[in-house]
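Next come the chains, spelled out residue by residue.
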Amino acid sequence: MNTDDINLAYKIRHALNEQLDTLPASTTDRLAAARAAAMARKKPEAPKTIWRKLGSVFSGPAMSRLAVAVPLLALVIGMGGVYQHEQQQQIAELAELDAAVLSDELPLTAYLDPGFNAYLESQQRSQ
Amino acid sequence: MATDKELNDFLENVERRAFKQAVYAVRKDESALDIVQDAMIKLAEKYGDKPAAELPMLFQRILQTTILDYFRREKVRNTWVSLFSGFSRNDGDDDEFDILSTYEAESGSAASESTADQLERAQTLRLIDEEVQKLPTRQREAFLMRYWQDMDVAETAEAMGCSEGSVKTHCSRATHALADALRAKGIKL
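In the order they appear, the protein sequences are chains U and V.
So in my numbering, spot 94 of the first sequence is number 94, and the numbers just go up one at a time.
So in my numbering, spot 107 of the second sequence is number 107, and the numbers just go up one at a time.
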């Protein structure tokens, strides 16, 4: 729009504004009553808790997607951590068992010897 | 968030212009008052906690939606009235619902008020009012939001649900149409 068009638009605006002053009193009264009715039903301000503040941070389409993705990612990472921990525990237990068996003075083959078993039983009986 | 005073001041500032906007659309003073009241209540109830800067755009969106709802209700009502009155009805025009062809000015309303015997200035104002009312709906909405409600192009586009380019086109066409119409009637502003 060129300058003339904009000038005309503002002149028309001025004319329209002038007309507003000639509105009948019944109309302006009714509008004032409507405004009062609207104000009486105004949405009250909710107290801002930490959750509401967080909610306002995660508002908007991109942020709401992020609000779903972040806890999901945290859950996956947490589950991976628990799995790794369990694996480490299992390995440590096996290593401890292996070390105990290997460091024992009695060789493993002794337990397969029937004569040795008979000796152990006789020892237990005599006690 | 808008305080009670900010919301009240905003509504007070916008109410008469909103009323005229509704009158241009529905051409009935009583219906226009109901529409403005509905729009004000919806704004206060649903968006009363929004920042004051967002209120003009939100209110315009609500106002346009409320006007559209009014036309939808009237269309349904007219369908039932015409069915029960026994008059045959041409169903072919259902797709093209033309607001201007459906509504006639209510006698006694601002739209049909004759002021031929009043001062020249008053007559000029009335003619301008009529020419604004004659504009196609979208052009009128864009023109009034931009130049009467002081909304910028982006706000107007958001309120109308169209692109900024469309708003500029609507405004330009509306201004040219008004200039031509006023020139044809010998009105010089």
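Hints in this document: simulated from the structure, not taken from any laboratory.
Check before you lean on any hint, since a few could be wrong.
Away from chain V, derived, C-beta distances all over 12 angstroms, residues of chain U [unchecked claim]:
| id | residue |
| --- | --- |
| 1 | Leu-20 |
| 2 | Leu-23 |
| 3 | Met-39 |
| 4 | Ser-64 |
| 5 | Gly-80 |
| 6 | Glu-86 |
| 7 | Gln-87 |
| 8 | Ser-122 |
Below are the DSS-like pairs computed for lysine-lysine, each with C-alpha atoms no more than 25 angstroms apart in a straight line [said to hold, decoys possible]:
| id | chain 1 | residue 1 | chain 2 | residue 2 |
| --- | --- | --- | --- | --- |
| 9 | U | Lys-43 | V | Lys-46 |
| 10 | U | Lys-42 | V | Lys-5 |
| 11 | V | Lys-50 | V | Lys-134 |
| 12 | V | Lys-75 | V | Lys-5 |
| 13 | U | Lys-42 | V | Lys-75 |
| 14 | U | Lys-42 | V | Lys-46 |
| 15 | V | Lys-185 | U | Lys-43 |
| 16 | U | Lys-11 | V | Lys-42 |
| 17 | V | Lys-168 | U | Lys-11 |
| 18 | V | Lys-50 | V | Lys-75 |
| 19 | V | Lys-5 | V | Lys-42 |
| 20 | U | Lys-43 | V | Lys-42 |
| 21 | V | Lys-75 | V | Lys-134 |
| 22 | V | Lys-75 | V | Lys-42 |
C-beta: ideal position from N, C-alpha, C; glycine also.
Is the hinted pair Lys-42(U) and Lys-75(V) satisfied, with a Cα-Cα distance of at most 25 angstroms?
-> Roughly 31 angstroms between the alpha carbons, so the hint for Lys-42(U) and Lys-75(V) is violated.
Proposed proximity, Lys-5(V) with Lys-75(V) (alpha carbon, max 25 angstroms) | Distance ~38 angstroms between Lys-75(V) and Lys-5(V) Cα, so the pair is violated.
Does the no-contact call for Leu-20(U) survive, Cβ to all of chain V over 12 angstroms?
-> Given a closest Cβ separation of 5 angstroms, the condition is violated.
Between Lys-75(V) and Lys-42(V), does the CA-CA distance stay at or below 25 angstroms?
-> At roughly 23 angstroms apart (the allowed maximum being 25 angstroms), Lys-42(V) and Lys-75(V) satisfy the hint.
Pair hint outcome, Lys-50(V) versus Lys-134(V) [Cα-Cα no greater than 25 angstroms] = The hint is violated at about 35 angstroms.
Decide, holds or violated, for the assertion that all CB atoms of chain V are farther than 12 angstroms from the CB of Leu-23(U).
-> violated, 6 angstroms
Is Lys-185(V) close enough to Lys-43(U), meaning Cα to Cα at most 25 angstroms?
-> Roughly 48 angstroms separates the two Cα atoms, so the pair is violated.
Is the hinted pair Lys-5(V) and Lys-42(V) satisfied, with a Cα-Cα distance of at most 25 angstroms?
-> holds, 17 angstroms
Are Lys-50(V) and Lys-75(V) close enough, with their CA atoms no more than 25 angstroms apart?
-> violated, 33 angstroms
Ser-64(U) non-interfacial with respect to chain V [C-beta, more than 12 angstroms] | holds, 18 angstroms
Verify the proposed pairing of Lys-75(V) with Lys-134(V), using a straight-line Cα cut of 25 angstroms.
-> holds, 21 angstroms
Does the structure keep Lys-168(V) and Lys-11(U) at a Cα separation of 25 angstroms or less?
-> holds, 18 angstroms
In the structure shown, a violation is registered for the earlier hints numbered 1, 2, 3, 11, 12, 13, 15, 16 and 18, in ascending order.
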